[in-house]
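Dock chain E against chain W, hints included.
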Amino acid sequence: MILLVQWLLVVAGAPLLVGFIRKTKARLQGRCGANLWQPYRDLRKLFIKEVVISETTSWIFRFTPYVVIGAMLVAALIVPVLTTAGGALSLGNIVLLMYLFLLATFFLALAGLDAGSSFGGMGSSREMAVAALAEPTVMIAIFAISLRAGTTGLSDMINVLAGDRLLLLNPGHLLAFFSLFIVTLAETGRLPVDNPSTHLELTMIHEAMILEYSGRYLALIEWASAIKLFLFFTLLGNIFIPWGIGRTEQPAAVLLGLVALVVKLAALGVSLAVLETSVAKLRLFRVPALLTGSFMLALLAVISFFFLR
Amino acid sequence: MANRISLWLTVPLAVLVLVGGAAGLSGWSFDVVLPHVLPIGGGVALGLDRLSAFFLVIIAAGVLPCAVFAFAYTRHQKPERDGMTAALAAGMSLFIVSMACLVLARNVLTFLVFWEAMSLASYFLIMTENDRSETRRAGWLYAVMTHAGLACILLGFLTMAQSSGSLSMTAWAQAAAAIDPSKRNVAFVLVAAGFLSKAGAIPFHIWLPRAHPAAPSHISAVMSAVMIKLGVYGLVRIGFEWLGVGPRWWGVLILLIGAVSAVAGVLYAIIDSDLKRLLAYSTVENVGVILLGIGAGLIFHSYDLDSLAALSVAAALLHCLNHTIFKALLFLGAGAIVHATGTRNIEEMGGLLRRMPQTGALFLIGSLAISAMPPLNGFVSEWLTFQALLLSFRVPEQFVNLVFAIAIAALALTAGLAAACFVRAFGITFLAMPRSECVKQAHEVPWTMRLSMGVLAVLAAVLGIAPVVALRPLGYVTAQLLGEQPDLAFSLSGVVAGGSFAAIAPGWVGLTLAVVIFAVWLGFRLTGGSLRKRYYDTWGCGRAVHSPNLEYTAAAFANPFKRVFAFLYRPVTAIEIWPHGESRLFVKTIKYRHESRSIIEEGIYAPLAAAIRRTSARIRAVQSGNVHSYLLYMFLVLVVLLLVAK
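Line by line, the protein sequences give chains W and E.
Just so we're aligned: 11 in the working numbering is position 11 of the first sequence, and the numbers increase by one with no gaps anywhere.
Just so we're aligned: 446 in the working numbering is position 446 of the second sequence, and the numbers increase by one with no gaps anywhere.
Just chain W, same shape as in the assembly:
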């Protein structure tokens, strides 16, 4: 029951998070900005529009949106969002989660190649490069967290970390947080790695890859991207600032978890909006330097654990 509530919250709430970030960004830039609910309207519009499919494509192109949304829906099942008790299916640990994201990226990159345009191929190649270079940071950050928590199971991890009162004074914990935050930017295609609202094909990464999609296929992919962002933020919030998330299935605990989640997501959303307003997009070949930097942060987090234990 609680699992279903949580899952629906992720799936239905994800576009709202996107709307919130866009609105905040607009206000920071002195614009009025679109309504908070605009992403839902966009999705509704896309769902009822006709689909245009390139003649050169194969079934991979039509199958990909389903795999992408499927991977995200399964990922949404295993992340504890409101409560760690009964809140997530025990399908696997945090490593599985990363592989589910990689599965979605794998198919998107194939679909990018399928239409036979240079833009799609360019997007695929760049997206895979960024994903591959982000992978070591992700795993080392996971290693750093698992050292402190003694487990890689998501719910157990959060439970153990929530028991540590001095968690935020711990240099390793903070380093791991910043490294994973940078990776989140890369994995979800945000500035300074990729610009989600760009209209110039040559600078696109993620958007170039999905350039050929339209109608309900595009809706699925956009929705999946929103869910991915939502899940990354939830992970950052619940692992690094684990307080507030429910530890039982009591309605009160779940409600408190919801409030805590909203606060965490809002904080992360505002910081992302501030960041995206204040930095410019990096040149593609400067991105590896950024990711190497985040890798070093994660490695320092691991080193600090071993030398302070």
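These are calculated hints, taken from the structure and not from any lab test.
These figures come from a predicted structure and were not determined experimentally.
One or more hints might be untrue.
So the derived list for chain E, only partly shown, Cβ under 8 Å to chain W, looks like this [said to hold, decoys possible]:
(1) Pro374
(2) Gln398
(3) Ala412
(4) Leu413
(5) Val423
(6) Met433
(7) Tyr536
(8) Pro560
(9) Trp578
Cβ atoms here follow ideal geometry from the backbone N, Cα and C, with glycine treated the same way.
Okay, now just chain E, sitting in the frame of chain W:
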């Protein structure tokens, strides 16, 4: 025709190997010594235990589909090459028998005889298409590398035989603790070098990317999927059994070689546009992943963390089996593509998924499995390897902890790059539009080819969804090897590693994924069935014609990786421009050349070969061609021998 019947011989042989393996895994064992055969070395000694049995299963799993594939490969052989078919069948049979007997060998002589038989059989199989100079060069390099490896193994074995006083490996294992550690170290380094050269780990990998493309595809499949693993088998034997418990640096060395092989292997694979060479480099990568597990196991073993060691070795051995399955599938897929198009260059391919839908789907399954995508088999073994490495925090030494951190990063980078590599391999080959005429006319391959690939694809799915099928026997294998069950709990649906450290239910992941995807699809069918779907040109900035020239190429796809990892590739770029006679502003032709160089070949092998050539030139002065001086040499040698042997 009669020659084609000889191909049937390989099938029952492979089945026999499979039966032996299955019997061994269910607990049956034997030890026989035939003292009258090869009497100088203590006779032929064969034995079956669980580790041998597991490798018998690997051999059979790789060989059987390839034997079936061989029928279609030889069907279109020209009549004058009919004798070649029989030779191929004979070579293949010798290859199977020698590999199977190798894992059963229990003394030095038996081991070396079958090791050499295996090397020679594979050498002749590589040379099947020896009318091409490329093949002859590849065969030569393979012969040199495999014999250099044999020399190392021989020296290491002799060191052990001399210090333990026995030619039987079981005797070594018992005597190991009493042997001088420096001698054991020398033996380990030598023998490991020999095994790693067969396994294709960096820096001994140089023969793989040449030999695999040169051999017929089903032979490359057997070599890459099966023979390579026997190097791993040897390493497991010496690391955990024959040489006793070693010092810590053995494991650290293997772990580092594994990390380098994994990352560099996949980096070479990602820029290659020869499909079979790409797969060969990806084998180097996967051997690296296997070595990470074995290295971790050796380190844990040296700290007496035996259940963790068992977990690491089980992960490595599972990856051996999984790699056998998906690499055989991919090589056979490559063989099918070469069969249909006549080219190995992926720059000329494209659009094959529409022309060869079934081969394409099977190749996609192989690509997903090798990229460790859930819920296929590669994911499970890579996941287990990750957990083994993550559990390394139980080792109470900071330096070793940091080595493991590097290994984790290397494995993660490998995983990401492998996914990119196979997006490129599958995407450029099978998607979009054909880039050349021969690919445009390609059509689906004979059913025997598809059958052999299909069986492998099913195995990849089964081992991904229910890894318990392989993990339960592997538990007993490691129990026999290390005296302890791995730190694993598994049921039909899930695997738990390291107590409560990590859990996964790959079967449920697959099922949930399938249900969710089906539900979304069904939802669309029910609600949006009336919505229009329109097929139209790819959007191209208002361009009128959409031609294959506008597609992204394999080289372009690899370019970000080339730039980021330029320190490894050391690329050479040359642009030559010829203008028209009238004005230099009008360009007639542009020639662009971009090549990457191999650090290892230029840094290690080229100087080595040059040194050998110089030395042999100097020694050649002795060989003057003058009979009188030869007689003098004989006389001198006789005198020296008489003096020494006095």
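Each hint, compared with the structure:
no., hint, verdict
1, Pro374, "5 Å, holds"
2, Gln398, "5 Å, holds"
3, Ala412, "4 Å, holds"
4, Leu413, "5 Å, holds"
5, Val423, "4 Å, holds"
6, Met433, "5 Å, holds"
7, Tyr536, "5 Å, holds"
8, Pro560, "4 Å, holds"
9, Trp578, "26 Å, violated"
Checked against the numbered hints given earlier, this structure breaks only hint 9.
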